[in-house]
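K.L.:
Model the full assembly from the supplied sequences, consistent with the hints where possible.
Here's the letter readout for the chains.
Protein chains: 2
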Amino acid sequence: MTRPVNNSSAAREGAGAIPHPHLHAAPPPEFPVSLCPEPEDRQMTSVGKALELLAAFRGTVPELGVSELARRAGMPKSTAFRLLGDLERAGFVARSGAKYRLGLSLFELGSRVGFCRPNGLRDVAIHALSELHVHTGLTAHLAILEGADVVYVEKVHAGNPARVVTVPGARLPASCTGLGKAMLAFSSVAIVRQVVEAGLPRRTRNSITEPGRFVRELRRVRESGVAYDREEGTLGLSCVAAPVIVEGRVIAAISASGPPHGTSWPRIESHVRQAASAVSKAYAMNMSEVS
Amino acid sequence: MTRPVNNSSAAREGAGAIPHPHLHAAPPPEFPVSLCPEPEDRQMTSVGKALELLAAFRGTVPELGVSELARRAGMPKSTAFRLLGDLERAGFVARSGAKYRLGLSLFELGSRVGFCRPNGLRDVAIHALSELHVHTGLTAHLAILEGADVVYVEKVHAGNPARVVTVPGARLPASCTGLGKAMLAFSSVAIVRQVVEAGLPRRTRNSITEPGRFVRELRRVRESGVAYDREEGTLGLSCVAAPVIVEGRVIAAISASGPPHGTSWPRIESHVRQAASAVSKAYAMNMSEVS
DNA sequence: ACAGATATTCCGTTATGTGGAACGGCGCTG
DNA sequence: CAGCGCCGTTCCACATAACGGAATATCTGT
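Chains as they are written, first to last, in the numbering used here: chain V, 63 to 353; chain Y, 63 to 353.
Rather than coming from a laboratory, the hints here were simulated on the basis of the structure. Please read these numbers as outputs of a predicted model, since none were measured by experiment. Note that beta-carbon positions come from the ideal geometry of N, C-alpha and C, so glycine has one too. Fair warning: there could be bad hints in the mix.
[What the hints assert, rightly or not] Listed below are the simulated BS3-like cross-link pairs for lysine-lysine, each with C-alpha atoms no more than 27 angstroms apart in a straight line: (1) K111(V) with K139(Y); (2) K111(V) with K111(Y); (3) K111(Y) with K139(Y); (4) K139(V) with K111(V); (5) K111(Y) with K161(Y); (6) K111(Y) with K139(V); (7) K161(V) with K139(V); (8) K111(V) with K161(Y); (9) K111(Y) with K161(V); (10) K161(V) with K111(V); (11) K139(Y) with K161(Y).
[Unchecked claim] Not close to chain Y: a few residues of chain V, all C-beta gaps over 10 angstroms, as computed: (12) F143; (13) G159; (14) S269; (15) G287; (16) V308; (17) P321.
P.N.:
Here you go:
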């Protein structure tokens with residue numbers, strides 16, 4: 063009954079590139095973890111396996127073959143093959159020859175989760191992000207908090223020199239980002255405790271990994287209303303972030319990222335503040351709800 | 063064996079609001095059609111049903127109960143219930159109490175389809191869209207062509223008075239949009255024929271539904287390099303669009319939409335042209351591939 | 001030509017998904 | 001307040017449909 067381990071080339075990719083953020087406290091830096099959080103030996107249902115197959119597309123390579131997918135999802139090739147057939151029929155994966163890639167249906171449905179809908183968070187925020195970008199020349203981000211992670215929702219940037227590798231849909235540990243700190247500073251203690259207890263991961267030498275310091279940092283953020291990230295997530299990249307608060311609850315955060323030096327952060331800070339409050343106001347007007 | 067029809071409240075929603083674009087030549091304006099295009103009686107696999115369940119979330123209502131979902135997907139309640147459990151475990155749906163909504167995993171994966179990846183079409187185009195928006199004050203759109211439909215990929219707009227209801231992930235018949243005409247004008251005759259033969263749907267009194275006129279229109283677009291939409295998709299809304307062409311192939315289009323009158327379209331046109339060619343150049347530099 | 005990696009098909013076995021029926025709770029309305 | 005109708009949820013006997021090992025076909029590089 064125990065699933066064969068069989069993670070040859072999966073492990074190979076996991077080692078290189080950007081380490082997947084989920085491995086907070088897990089000893090082996092393995093491939094993107096399985097979809098179900100608790101690794102209890104729950105019997106795999108048919109659709110569970112199919113979804114696992116989709117999840118196997120996290121990682122850097124956009125196109126994968128049957129064998130590789132089967133390996134990553136931990137199932138026999140023939141099973142993977144059949145399930146991929148089902149997924150393809152529904153447009154959740156597409157294939158060029160023998161290689162599979164994520165399909166358009168996934169994008170269409172993924173664009174319908176709460177905060178993406180018309181008048182949702184993203185729709186309301188895009189204008190503010192755009193302005194923040196043109197006023198500052200920096201990369202503007204919108205993100206939400208999900209557990210101990212930050213999930214990027216939208217991004218407006220200068221394009222060419224892709225310093226910032228994040229992209230909508232990406233995940234990063236909340237404690238290593240200005241976005242995350244801005245949101246946590248205005249979240250309930252229960253949520254903060256959860257994050258701290260999960261362990262504060264180190265991504266650079268500047269990452270705050272000591273609980274006491276982290277809590278003090280959050281207090282400072284709460285007082286000033288903005289959070290600074292001083293190369294805590296990526297060396298060579300800093301940012302200011304401000305929370306989007308509506309009816310007393312943080313629902314998201316906005317940030318501007320750029321090189322640590324040679325940027326007039328005080329000026330940027332006021333732009334970010336302004337953008338965040340603009341989004342708060344605009345969002346409050348069309349009371350939809352977020353994730 | 064024949065699936066019970068049972069579309070009581072499904073039909074109710076289908077009738078109101080924006081008609082789903084897929085009903086090109088289909089007689090009954092029913093609910094968002096099933097995922098598999100050919101309605102041949104293919105036996106439903108377990109995952110097929112689960113995906114159908116996800117597809118049931120198209121339509122305007124973001125949160126649905128088990129019964130409603132079962133009805134829309136055409137399956138017994140108990141089956142829907144179990145499958146929703148599987149989907150929830152994987153984060154593809156989430157629930158507040160008894161209501162289900164699309165889950166974050168869907169957004170995360172949907173944000174990894176080809177054109178969303180780092181240095182993909184969307185990443186490269188967002189800056190141009192943002193500039194197009196601030197220079198013109200209009201809504202800037204990026205879309206790709208999928209069969210006879212246009213699928214919106216990104217949008218930068220002014221927010222408040224939500225004239226334009228489209229949102230990333232939305233579909234519209236290609237023939238009724240500037241975006242669609244811009245792409246079709248530079249596509250192979252095979253593709254154009256396919257679209258024409260599928261039938262040119264009417265969305266407003268200005269929609270071009272006569273094949274001859276449509277082909278002539280495309281020729282004009284090809285000559286001028288830009289496509290105008292004169293309230294052909296939505297009354298009170300016009301736009302100019304230009305194709306994004308790389309290595310001789312159209313991969314997308316960019317448009318600026320606004321009120322038909324009181325807008326200096328010639329000026330807008332040049333901005334759109336510029337944006338499209340900027341994206342073409344930027345995209346050509348990082349040879350990734352599109353959907 | 002060969003080795004090793006793929007993708008794809010086949011098929012006997014049985015685990016797995018199935019869906020009707022029954023239960024308990026909620027919000028109507030007569 | 002009892003009745004009705006709809007809801008979400010659970011149960012269970014049945015047989016279908018998912019399973020996965022092994023065989024085959026196809027490809028790629030040397």
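K.L.:
It remains to establish, for every hint, whether it holds in the given structure.
P.N.:
Do the hints match the structure? See the list:
Only pairs whose Cα atoms come within 27 angstroms are accepted, and K111(V) paired with K139(Y) is accepted, the gap being roughly 22 angstroms. For the hint pairing K111(V) with K111(Y), the CA-to-CA distance comes to about 14 angstroms; that is within 27 angstroms, so the pair holds. For the hint linking K111(Y) to K139(Y), the alpha-carbon distance of about 12 angstroms falls within 27 angstroms, and the restraint holds. With a C-alpha separation of about 12 angstroms, the suggested pairing of K139(V) with K111(V) holds against the 27 angstroms cut-off.
Between K111(Y) and K161(Y), the direct Cα distance comes to roughly 19 angstroms. Compliance with the 27 angstroms bound is thereby established for this hinted pair. With a CA separation close to 22 angstroms, the supplied pair K111(Y) and K139(V) stays within the 27 angstroms bound. Between K161(V) and K139(V) the alpha-carbon distance is near 14 angstroms, which keeps this suggested pair within the 27 angstroms criterion. Among the hinted pairs, K111(V) with K161(Y) is consistent with the structure: their alpha-carbon atoms are about 24 angstroms apart, no more than 27 angstroms.
Restraint check for K111(Y) and K161(V): the C-alpha separation of about 24 angstroms stays at or below 27 angstroms, so the hint holds. Between K161(V) and K111(V), the direct Cα distance comes to roughly 19 angstroms. Compliance with the 27 angstroms bound is thereby established for this hinted pair. At most 27 angstroms may separate the alpha-carbon atoms for a hinted pair to count; K139(Y) and K161(Y) meet this at roughly 14 angstroms. Annotated as non-interface, F143(V) keeps its C-beta farther than 10 angstroms from every C-beta of chain Y; the closest such distance is 13 angstroms.
Every CB of chain Y is more than 10 angstroms from the CB of G159(V) (nearest about 13 angstroms), matching its label as outside the interface. With a minimum CB-CB distance of about 22 angstroms to chain Y, S269(V) clears the 10 angstroms threshold, and the non-interface call stands. With a least beta-carbon separation of about 23 angstroms from chain Y, G287(V) lies farther than 10 angstroms from that chain, consistent with its non-interface assignment. For V308(V), the condition that its CB be more than 10 angstroms from all CB atoms of chain Y holds, with the nearest at approximately 15 angstroms.
With a cut of 10 angstroms on Cβ distances, P321(V) stays outside the contact zone with chain Y, its closest approach being about 17 angstroms.
Comparing the model with each numbered hint stated earlier shows that all of them hold.
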